[in-house]
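Which chain is which? The protein sequence lines are A and B, in order. Each residue of the first sequence is one higher than the one before, counting from 1 in our numbering. Each residue of the second sequence is one higher than the one before, counting from 1 in our numbering.
Calculated directly from the structure, the hints in this document are not laboratory data. Glycine included, C-beta positions come from ideal geometry on N, C-alpha and C. Keep in mind that a hint or two might mislead.
A short, non-exhaustive set of chain B residues, derived as facing chain A with CB atoms under 7 Å [said to hold, decoys possible]: (1) Glu-19; (2) Leu-20; (3) Gln-36; (4) Glu-37; (5) Thr-40; (6) Arg-41; (7) Lys-44; (8) Leu-45; (9) Leu-51; (10) Lys-53; (11) Tyr-56; (12) Val-61.
So you can see what is in the structure, the chains are spelled out below.
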Amino acid sequence: MGLSKFFCKNKWLYSRLEESRERLYRIAYAWCHDSALADDLVQESLEKAIRNVDRLYDHSALNGWLYRIMNNCWKDYLRKQYHHVDVADDELVYEGSSPEEAYELQNMTVRVQSAVARLPMGQRQVITLVDLNDASYAEVAEVLEVPIGTVMSRLSRARKALASIVLEQHAQSTSSNIYPLREIQ
Amino acid sequence: MTQEKDYSDSIINSFIDGELDDREKNELISDMDNDQELKTRVMKLRNIRELVKNAYKDIPVPVKPQRHINTNNSRGINLYVASFILAIGIVVGWGIQDYLNPTKGLIEFAEITEQNNLINSNEQVARLMIHVTTDDPIRLDIMLNETEQLLKKYAANQKSLEMSILTNARGINLVSTTTPFAKRLRELTARYSNITFNACKETLNRLNKDKLRNVELLPEAQVVPSALGEVIEKRQQGWSYIKI
Numbered sequence: 001m002g003l004s005k006f007f008c009k010n011k012w013l014y015s016r017l018e019e020s021r022e023r024l025y026r027i028a029y030a031w032c033h034d035s036a037l038a039d040d041l042v043q044e045s046l047e048k049a050i051r052n053v054d055r056l057y058d059h060s061a062l063n064g065w066l067y068r069i070m071n072n073c074w075k076d077y078l079r080k081q082y083h084h085v086d087v088a089d090d091e092l093v094y095e096g097s098s099p100e101e102a103y104e105l106q107n108m109t110v111r112v113q114s115a116v117a118r119l120p121m122g123q124r125q126v127i128t129l130v131d132l133n134d135a136s137y138a139e140v141a142e143v144l145e146v147p148i149g150t151v152m153s154r155l156s157r158a159r160k161a162l163a164s165i166v167l168e169q170h171a172q173s174t175s176s177n178i179y180p181l182r183e184i185q
Numbered sequence: 001m002t003q004e005k006d007y008s009d010s011i012i013n014s015f016i017d018g019e020l021d022d023r024e025k026n027e028l029i030s031d032m033d034n035d036q037e038l039k040t041r042v043m044k045l046r047n048i049r050e051l052v053k054n055a056y057k058d059i060p061v062p063v064k065p066q067r068h069i070n071t072n073n074s075r076g077i078n079l080y081v082a083s084f085i086l087a088i089g090i091v092v093g094w095g096i097q098d099y100l101n102p103t104k105g106l107i108e109f110a111e112i113t114e115q116n117n118l119i120n121s122n123e124q125v126a127r128l129m130i131h132v133t134t135d136d137p138i139r140l141d142i143m144l145n146e147t148e149q150l151l152k153k154y155a156a157n158q159k160s161l162e163m164s165i166l167t168n169a170r171g172i173n174l175v176s177t178t179t180p181f182a183k184r185l186r187e188l189t190a191r192y193s194n195i196t197f198n199a200c201k202e203t204l205n206r207l208n209k210d211k212l213r214n215v216e217l218l219p220e221a222q223v224v225p226s227a228l229g230e231v232i233e234k235r236q237q238g239w240s241y242i243k244i
């Protein structure tokens, strides 16, 4: 009975880890906007979580613990990329010329993702954890190891920047589509 | 007449994200009714929140899993294989008497110990030391259950048994005043005089010195100078040793 109890605990934890995969992936994707990299991050995070599962003393803190691990993986990745030229941001900036791209620009999802991708990393992490994961400010502060005040200021700057990029550009693009009727003589 | 308050974006965001307390929330809602500009700011930021949420809602998540956890490197064992290896490890651990996750194990182990003592010193007594280095409540619960069963069985059969529960590292938490097992320890020591709970002084000193925690021990716990020294001494005296 003792043995089965021991295994039940681990089985429960492992199934919780597997269940977290999808949620982690969305956050990872929102941080890096690269599906392969996001998958790698999630994979690495789960591997680390499994190796260190004994260090999780409070099982109710599983989610925060997982995000903290993923944040560390992400920081490691960025550190390794430090000497490389990151062209990802340039690629995400819309230069639109073709009709397809113009259509994409109209697509709010693409517009928002593109705008999020252009945010500084600290702001991007905060806004995605709060908005996608409904995390409290205290939880985000713990995951990112920053004070709550920093979480609040980053969130404010991120939402302000997004409002400026997304809503105002949208207003401009819709107004630029209004053409005056030509007077036919 | 309305009194317009200057709400920062941080306050508005806190409102949107449910971080304000009821009083602050109600105040802001009431101010919104009288301040169209404030209302617009709230709507705008709330709109952004919804847009971000929706932008990632339908992201195609790689089919579970593209690469199963742990298949990509030397640590590459999937969960089931890991569980299997863990099971093997436990069985082997049982064999080498270094790890015990007992059901009837402690009782059997104590009987073997008793036999050995009888052979070696004509003493029909089982002496058992359980070295606890974990504060995992599940493991501790199992250990205490088995310990109690063992004590009960030996008492019922009027056979001699001595038990020592030695704690160090995280195991110290078992005998600290914050332990969830305080009542059980109290009951065990009250009912059976042949069990002792010991705490390593080295661990206590380290925790107090590093100001990590000020550990207060239960009155049932005795302090021994060092866990390692205690293990060596007890082993030399013929005690059997199990580490969990």
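How the hints compare with the structure:
1. Taken as an interface hint, Glu-19 (chain B) checks out: its beta carbon lies about 6 Å from the nearest beta carbon of chain A, inside 7 Å.
2. Because the smallest distance between the Cβ of Leu-20 (chain B) and any Cβ of chain A comes to about 11 Å, over 7 Å, the interface hint for this residue is violated.
3. With a least beta-carbon distance of about 17 Å to chain A, the hint placing Gln-36 (chain B) at the interface is violated under the 7 Å criterion.
4. This hint is violated: Glu-37 (chain B) has a C-beta 15 Å from the nearest C-beta of chain A, more than the 7 Å allowed.
5. The interface hint given for Thr-40 (chain B) is violated, since its Cβ lies 11 Å from the closest Cβ of chain A, which is over the 7 Å cut-off.
6. A hinted interface residue such as Arg-41 (chain B) counts as satisfied when its beta carbon comes closer than 7 Å to some beta carbon of chain A; here the least separation is about 9 Å, so the hint is violated.
7. With a cut of 7 Å, the hint placing Lys-44 (chain B) at the interface with chain A holds, because the nearest CB-to-CB distance is about 6 Å.
8. Against a cut-off of 7 Å between C-beta atoms, the interface hint on Leu-45 (chain B) holds, since the closest Cβ of chain A lies about 5 Å away.
9. Residue-level restraint check for Leu-51 (chain B) holds (minimum Cβ-Cβ distance to chain A is 5 Å; threshold 7 Å).
10. Against a cut-off of 7 Å between C-beta atoms, the interface hint on Lys-53 (chain B) holds, since the closest Cβ of chain A lies about 5 Å away.
11. With a cut of 7 Å, the hint placing Tyr-56 (chain B) at the interface with chain A holds, because the nearest CB-to-CB distance is about 5 Å.
12. Evaluation of the Val-61 (chain B) hint against chain A yields a held restraint, the C-beta minimum of about 5 Å falling below 7 Å.
In this structure, the earlier hints numbered 2, 3, 4, 5 and 6 are contradicted, and the remaining ones agree with it.
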